[in-house]
Amino acid sequence: MSAELNIEEIRKDFPILDAKVYGKRLVYLDNGATSQKPVQVLETLDNYYKEYNSNVHRGVHLLSQVATEAYEAARKKVASFINAKHDHEVIFTRGTTESINLVASSFGKLALKKGDEVLISAMEHHSNIVPWQMICEDKEAVLKVIPMNTNGELLMDEFASLLTDKVKIVSVTYISNSLGTINPVKEIINQAHAKNIPVLLDVAQAIQHVPIDVQELDVDFIAFSGHKIYGPTGIGVLYGKEEWLNKMPPYQGGGDMIKTVTFAKTIYNDLPYKFEAGTPDVAGAIGLSAAIDYVNNLGLENIQQAEHELLKYAMKKLSEVDGLRFIGNAKEHASLVSFLVRDIHPFDTGDILDKQGIAVRTGHHCTQPVMDFFGIPGTVRASFAFYNTKEEVDLLAAGIEKAVMMLS
Amino acid sequence: MSAELNIEEIRKDFPILDAKVYGKRLVYLDNGATSQKPVQVLETLDNYYKEYNSNVHRGVHLLSQVATEAYEAARKKVASFINAKHDHEVIFTRGTTESINLVASSFGKLALKKGDEVLISAMEHHSNIVPWQMICEDKEAVLKVIPMNTNGELLMDEFASLLTDKVKIVSVTYISNSLGTINPVKEIINQAHAKNIPVLLDVAQAIQHVPIDVQELDVDFIAFSGHKIYGPTGIGVLYGKEEWLNKMPPYQGGGDMIKTVTFAKTIYNDLPYKFEAGTPDVAGAIGLSAAIDYVNNLGLENIQQAEHELLKYAMKKLSEVDGLRFIGNAKEHASLVSFLVRDIHPFDTGDILDKQGIAVRTGHHCTQPVMDFFGIPGTVRASFAFYNTKEEVDLLAAGIEKAVMMLS
Amino acid sequence: MTINEQQDEIIEEFELYGDWMDKYEAIIQLGKELPLIDDQYKTDDNLIKGCQSRVWLHSEYKDGKVFFTADSDAIITKGLISMVIKVLSEHTPKEIADSDLYFVNAIGLNSHLSPTRSNGLLSMLKQMKAYAVAYQVKELNTQNNG
Amino acid sequence: MTINEQQDEIIEEFELYGDWMDKYEAIIQLGKELPLIDDQYKTDDNLIKGCQSRVWLHSEYKDGKVFFTADSDAIITKGLISMVIKVLSEHTPKEIADSDLYFVNAIGLNSHLSPTRSNGLLSMLKQMKAYAVAYQVKELNTQNNG
Ligand SMILES: Cc1ncc(COP(=O)(O)O)c(C=O)c1O
Ligand SMILES: Cc1ncc(COP(=O)(O)O)c(C=O)c1O
Numbered sequence: 001m002s003a004e005l006n007i008e009e010i011r012k013d014f015p016i017l018d019a020k021v022y023g024k025r026l027v028y029l030d031n032g033a034t035s036q037k038p039v040q041v042l043e044t045l046d047n048y049y050k051e052y053n054s055n056v057h058r059g060v061h062l063l064s065q066v067a068t069e070a071y072e073a074a075r076k077k078v079a080s081f082i083n084a085k086h087d088h089e090v091i092f093t094r095g096t097t098e099s100i101n102l103v104a105s106s107f108g109k110l111a112l113k114k115g116d117e118v119l120i121s122a123m124e125h126h127s128n129i130v131p132w133q134m135i136c137e138d139k140e141a142v143l144k145v146i147p148m149n150t151n152g153e154l155l156m157d158e159f160a161s162l163l164t165d166k167v168k169i170v171s172v173t174y175i176s177n178s179l180g181t182i183n184p185v186k187e188i189i190n191q192a193h194a195k196n197i198p199v200l201l202d203v204a205q206a207i208q209h210v211p212i213d214v215q216e217l218d219v220d221f222i223a224f225s226g227h228k229i230y231g232p233t234g235i236g237v238l239y240g241k242e243e244w245l246n247k248m249p250p251y252q253g254g255g256d257m258i259k260t261v262t263f264a265k266t267i268y269n270d271l272p273y274k275f276e277a278g279t280p281d282v283a284g285a286i287g288l289s290a291a292i293d294y295v296n297n298l299g300l301e302n303i304q305q306a307e308h309e310l311l312k313y314a315m316k317k318l319s320e321v322d323g324l325r326f327i328g329n330a331k332e333h334a335s336l337v338s339f340l341v342r343d344i345h346p347f348d349t350g351d352i353l354d355k356q357g358i359a360v361r362t363g364h365h366c367t368q369p370v371m372d373f374f375g376i377p378g379t380v381r382a383s384f385a386f387y388n389t390k391e392e393v394d395l396l397a398a399g400i401e402k403a404v405m406m407l408s
Numbered sequence: 001m002s003a004e005l006n007i008e009e010i011r012k013d014f015p016i017l018d019a020k021v022y023g024k025r026l027v028y029l030d031n032g033a034t035s036q037k038p039v040q041v042l043e044t045l046d047n048y049y050k051e052y053n054s055n056v057h058r059g060v061h062l063l064s065q066v067a068t069e070a071y072e073a074a075r076k077k078v079a080s081f082i083n084a085k086h087d088h089e090v091i092f093t094r095g096t097t098e099s100i101n102l103v104a105s106s107f108g109k110l111a112l113k114k115g116d117e118v119l120i121s122a123m124e125h126h127s128n129i130v131p132w133q134m135i136c137e138d139k140e141a142v143l144k145v146i147p148m149n150t151n152g153e154l155l156m157d158e159f160a161s162l163l164t165d166k167v168k169i170v171s172v173t174y175i176s177n178s179l180g181t182i183n184p185v186k187e188i189i190n191q192a193h194a195k196n197i198p199v200l201l202d203v204a205q206a207i208q209h210v211p212i213d214v215q216e217l218d219v220d221f222i223a224f225s226g227h228k229i230y231g232p233t234g235i236g237v238l239y240g241k242e243e244w245l246n247k248m249p250p251y252q253g254g255g256d257m258i259k260t261v262t263f264a265k266t267i268y269n270d271l272p273y274k275f276e277a278g279t280p281d282v283a284g285a286i287g288l289s290a291a292i293d294y295v296n297n298l299g300l301e302n303i304q305q306a307e308h309e310l311l312k313y314a315m316k317k318l319s320e321v322d323g324l325r326f327i328g329n330a331k332e333h334a335s336l337v338s339f340l341v342r343d344i345h346p347f348d349t350g351d352i353l354d355k356q357g358i359a360v361r362t363g364h365h366c367t368q369p370v371m372d373f374f375g376i377p378g379t380v381r382a383s384f385a386f387y388n389t390k391e392e393v394d395l396l397a398a399g400i401e402k403a404v405m406m407l408s
Numbered sequence: 001m002t003i004n005e006q007q008d009e010i011i012e013e014f015e016l017y018g019d020w021m022d023k024y025e026a027i028i029q030l031g032k033e034l035p036l037i038d039d040q041y042k043t044d045d046n047l048i049k050g051c052q053s054r055v056w057l058h059s060e061y062k063d064g065k066v067f068f069t070a071d072s073d074a075i076i077t078k079g080l081i082s083m084v085i086k087v088l089s090e091h092t093p094k095e096i097a098d099s100d101l102y103f104v105n106a107i108g109l110n111s112h113l114s115p116t117r118s119n120g121l122l123s124m125l126k127q128m129k130a131y132a133v134a135y136q137v138k139e140l141n142t143q144n145n146g
Numbered sequence: 001m002t003i004n005e006q007q008d009e010i011i012e013e014f015e016l017y018g019d020w021m022d023k024y025e026a027i028i029q030l031g032k033e034l035p036l037i038d039d040q041y042k043t044d045d046n047l048i049k050g051c052q053s054r055v056w057l058h059s060e061y062k063d064g065k066v067f068f069t070a071d072s073d074a075i076i077t078k079g080l081i082s083m084v085i086k087v088l089s090e091h092t093p094k095e096i097a098d099s100d101l102y103f104v105n106a107i108g109l110n111s112h113l114s115p116t117r118s119n120g121l122l123s124m125l126k127q128m129k130a131y132a133v134a135y136q137v138k139e140l141n142t143q144n145n146g
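Protein chains in written order, with the UniProt record's numbering: chain W, 1 to 408; chain C, 1 to 408; chain S, 1 to 146; chain X, 1 to 146.
Extracted from the complex, chain W is given alone in its bound form (with noise of 0.2 Å):
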């Protein structure tokens, strides 16, 4: 347990962890895939139903007026929790997915060119893979790979011959999702800013475990997830630069985005509104600004400590089975472990520990080419967040064991 978060306090903030399965109690350790939401978010989703629900923007009555401040008050909340520049740099979108799409596709038209290069990381996700490749094939730009190393680590000298003056934009996760390794981020947007090459930073794994300052790190972009920072379902932020938001076109057409529409002619709106086309998810916004006030109150920086507690507890712990090892080995590692144990199957492991009660993820975690690179079919991933305990880290241990006991 942290020195500063009463852990058994904070976990009656979230019902579902009493949660029983198969009559067990549940010990939630998916947290990478999405995080469990305090009652505080509930009940101001709850709250924004019942009290003030109505669609914001250009409405004459108070409900409307009202619904407009609380939508316009979580767009400072998260632009002071980056710490940007301005409000306006701040786009709901639904999630990482979308904001990098929306970046893929509106930087692309403004900035690829035939024979131009994107420069993305051997260990990204598949939502900062496929965007590119989707519009590096529109444009007959290249997609081109910084790889990485045994251990799960970017090689940085490769790094430094691929940023030629070709590539026109640098793409990498902030945190790996399935190896857990932390990233140079700050030598990256260096590096490339030294060449004038903009950076997005996929910060979905990032944005819950440490504290991000853009106007410090001088990222062009990040893309984040509300679900995974203990925020609600589809909801997402995409942060741009004033400046490189202003030149680039809209992604999505329609109601909110636009000044005037003609026929003949529409003009767009100013930023953000350029890039929030539609009913924005009102209540999402909302939650998620709740979620960060929740963040805020227990304090990133103790946030941090416990679950890097938790890591160096699972570590030892899980080093101690016999024939477990660890994929992805950064010195720079995030509170997650990826794991085989001798030949077993990861989903053969993953679902004995479910039936025990143990949440854990198995397969790709949407990394296939980590996988490729490893030669295996897949990890078992155990990815703690705040509320988790040493308890449940001994249970995970202990279901391990027993799972090999019956599979091997």
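Keep in mind that the hints were calculated from the coordinates and are not lab data. No residue lacks a Cβ here, since even glycine has one placed at the ideal position from N, Cα and C.
Heads up, incomplete: computed chain W residues facing chain X, CB under 8 Å, no partners named:
1) Tyr22
2) His345
3) Phe347
4) Asp348
5) Asp351
6) Ile352
7) Lys355
8) Thr362
9) Pro377
Listed next, the in silico PhoX-like pairs over lysine-lysine satisfying Cα-Cα at most 20 Å (straight line):
10) W:Lys109 with C:Lys109
11) C:Lys20 with W:Lys50
12) W:Lys109 with C:Lys113
13) C:Lys316 with C:Lys331
14) C:Lys24 with S:Lys23
15) W:Lys144 with W:Lys166
16) W:Lys139 with C:Lys113
17) C:Lys24 with W:Lys50
18) C:Lys241 with C:Lys85
19) W:Lys402 with X:Lys32
20) W:Lys139 with W:Lys168
21) C:Lys139 with W:Lys139
22) W:Lys24 with C:Lys50
23) W:Lys402 with X:Lys23
24) S:Lys86 with S:Lys126
25) W:Lys139 with C:Lys265
26) W:Lys109 with W:Lys166
27) C:Lys144 with W:Lys265
28) W:Lys114 with C:Lys109
29) C:Lys76 with C:Lys241
30) W:Lys265 with C:Lys139
31) W:Lys109 with C:Lys139
32) C:Lys114 with W:Lys265
Starting from the known structure of chain W, arrange chains C, S and X with the ligands on it as the hints suggest.
This is chains C, S and X with the ligands only, laid out in the frame that chain W set:
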């Protein structure tokens, strides 16, 4: 009050209807912008987050299994609500706007070439104009417009002559959100199909009011938003015929929409996943499903009848207001009224109504070309849901009288 | 009267009104009294963005002071404009640029204004200050060159 | 044994097991006993989609009966396959095509199978029936031409 629905009882399902604005009981007549949510929907959301929130698809553990089943059951619920032939013809999106953008982009890439035409109507919402303008610009195609008369009815003769071989898709609204016109969509579809031209119907204002059977209509695509049919914000639906969806290229790239990914080549997944990149709005889909249950429970025919009575009553009461003129006098008319009084600016009327607790919408309602056509700055729009009462209509009429008194 | 004296006068006046209706009637009355903008100035250039209603704002610089005239197609908007003009018109560019408009909050209007309305008001204030700053710069240049 | 007799035998056997562990151990045991597919048949053509684990399924038609062999890289999957093969292999195409596999539900497995797993099982059953139907058609054609 309808013969079939006990409105007084029903109103208890909607906590917000008891809200006070400026000390007066809320009279919510902005249902066209967004509808209010019954507790049944809110409880479903709450249960989801408290009992089985989890990421869907590919999860080995029980929670993920339960969430996946609920998500897919929601798809099935939508499919049977619109009588789709296959569940996988239902794609979850963020809303009408995104659904139309998806078709404009993907169908546009499939079928639009230089000189081709896209046919929309003079009364479309910006969300059914701008996406087509964007793809037309991209493909050097031409956007054509079916004109209307001063009653707000489409000129079907003109439609017939606009329906040339150059037209690759017709995209029109079922019900106009600013005029209330119910368009002869069956005839539009028949004529278009006689020339092998597919039809998209924007049913954002229809799905909550009239039964829609996509097979009977033989429509190729429909688009609607959950938040307008008593469901949560942030979720919407695109229905598309299997043949079209299979032929169309994917829209966004990322997790879940792929079968296999290598850096060299990506194989896309089958329907519906091909069009659902990234973690979906699981709670939103399940909430929408609960909203459809609620509607089914009341009976769409009963809802239709109750709303029709409200409309008739409102038409009668408002036409008694001296100097009030309706904008949109189509014979086939949905349960909303757009109007102006004397030469009073709609914004002023709406403002004074708001101060009396009556929530209406004013402005162009995201249909600027309609306002240009009528040469007006906007309208005041009162849009009814089944939970509205004749007493509320009386309050509206009295509120307008008061506004007129103050403003002229 | 200084800008602040003018503001205080409006605040005092509004203290007499009991409920929103009285306030609104006063604003509407002000709207009716607003000296209309000359039709030649109702151009797209003078149109202010950010309003559900349209607002035209024209400024003139004479004898070291800025004179504003304005119009709108919505009467409540006109009333609001009228108050702002009363406060800011016929002052020096510096006075206008440095002014702090506290009367909107003080008369409890902002909680009654729809966001569209307050955005509109804000856009207008921004525009007026921008004009004032422009005249200040012009003044400086003239002095420097003169 | 008919297909249903085989199913009933499995159901009876599983009734002996108390909890999920016993059941799983039995399945794992079956997985270990599964006669492996010939390596030459572990081709992409024989790979079944829809599984987190990989499944290869090979069929042969001999003396009016269909013979299935299969393999998987996951042992629990293998155990499940093994049961299905026990039930369906060595029957006529018609028997297989017409079969109703009720044992999966009856032994209470479906509530224990992850959706990925049941989708996999479903894909496999579909594939087996498809083979059976293909042989039926072939048979008919042979008869018609013969
Ligand atoms: C006819 C019509 N089409 C499209 C839309 C856009 O819907 P949404 O904003 O939910 O995407 C609306 C609602 O505003 C509408 O009324
Ligand atoms: C590193 C990373 N990027 C992108 C994503 C995609 O996020 P979402 O599915 O919420 O769009 C995820 C989550 O699965 C992730 O872990």
